[in-house]
Amino acid sequence: SQTIHQWPATLVQPVGSPLSLECTVEGTSNPNLYWYRQAAGRGLQLLFYSVGIGQISSEVPQNLSASRPQDRQFILSSKKLLLSDSGFYLCAWSLLGTGDQPQHFGDGTRLSIL
Amino acid sequence: QKEVEQNSGPLSVPEGAIASLNCTYSDRGSQSFFWYRQYSGKSPELIMFIYSNGDKEDGRFTAQLNKASQYVSLLIRDSQPSDSATYLCAGLSRGSGNTGKLIFGQGTTLQVKP
Chain W
1 SQTIHQWPAT LVQPVGSPLS LECTVEGTSN PNLYWYRQAA GRGLQLLFYS
51 VGIGQISSEV PQNLSASRPQ DRQFILSSKK LLLSDSGFYL CAWSLLGTGD
101 QPQHFGDGTR LSIL
Chain C
115 QKEVEQNSGP LSVPEGAIAS LNCTYSDRGS QSFFWYRQYS GKSPELIMFI
165 YSNGDKEDGR FTAQLNKASQ YVSLLIRDSQ PSDSATYLCA GLSRGSGNTG
215 KLIFGQGTTL QVKP
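If you read the protein sequences in the order shown, they are chains W and C. Each step along the first sequence adds one to the number in this note's numbering, with nothing skipped, and position 7 is 7. Each step along the second sequence adds one to the number in this note's numbering, with nothing skipped, and position 46 is 160.
Don't read these hints as lab results, they were simulated from the structure. Values in this document were obtained by computation on a predicted structure and should not be read as measured data. Don't be surprised by glycine CBs; every beta carbon is placed ideally from N, CA and C. Please note that a few of the clues may not be correct.
Derived CB-CB ranges, DEER-like [to be verified]:
| id | chain 1 | residue 1 | chain 2 | residue 2 | range |
| --- | --- | --- | --- | --- | --- |
| 1 | W | 107 | C | 195 | 22 to 32 Å |
| 2 | C | 156 | W | 52 | 21 to 31 Å |
| 3 | W | 27 | C | 166 | 20 to 30 Å |
| 4 | W | 54 | C | 211 | 16 to 26 Å |
One chain only, chain W, in its complex shape (with noise of 0.2 Å):
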C-alpha cells in the first residue's frame, strides 16, 4: 500500500531563517504531488505542484519554492523566512487516473515563525 512521510512534524524558525520541508512517498511510482498551506483556522491554499520529476507549478507568488528531486521525493523551500509564512504545510499524493483519483495528505508540518 501507499504511504506518504512528511517532516518534521513541528518547526520553529527565526525570521529570515532558511526552510526546507521534504516529503516521500512509498509505494508507487509517478505519482502527482502538491504542497498546500493551511492558515489557523482557514482552508486549503494550494503552493505548488508537479506531475513528474523536475516539473513544478507554481499557484501562487511568494518566497517559497518546490523542487522534486526525484520520483517521489517532493520538497519545500524558503531562503529567507517571513512571519507570514507560518502555517500547517501539507503534502499530498495522487495517481493520474480518470477522474476519480483523490489526493491523499501526509501528517504536515506544523511551522512557527518568530
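Given chain W, work out where chain C should sit, using these hints.
Just chain C, lined up with the frame of chain W:
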C-alpha cells in the same frame, strides 16, 4: 474563478441524529467530488468520493451529487461525538488535465453533542 462553496458553520447536531453537510460548485466541468474529514490539528483524511449523479453509500456516510444543480452533499447517519470535525468538500475539474488539482471549499465545522 472556479469555486467550491461551503457554509463554515458550526453545524451542531445531537448524538444519533443525521448531519447534512452541503457544498455548491461553480464549474460545470467538475467531474468528481471528494469529502475529507479534518480533526483539529490533524491533516485531512478522505471519507468518500463521488462522480456520478445520485447517491453513494459507505457505512454511515452517504454522498449525494446533483450535477444539474451543481450541488454535493454528505449525510452522516447516527452521528457520534467522534464525528465532530471540519469537513472539506473538493472538486476535480475536467479542465485540470493530468494535474489532479482539486478545488477545496473552506470547510464546514460539525459539532455532535452527546
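Subject >> Broken hints, by number >> reply: Those not satisfied: there are none.
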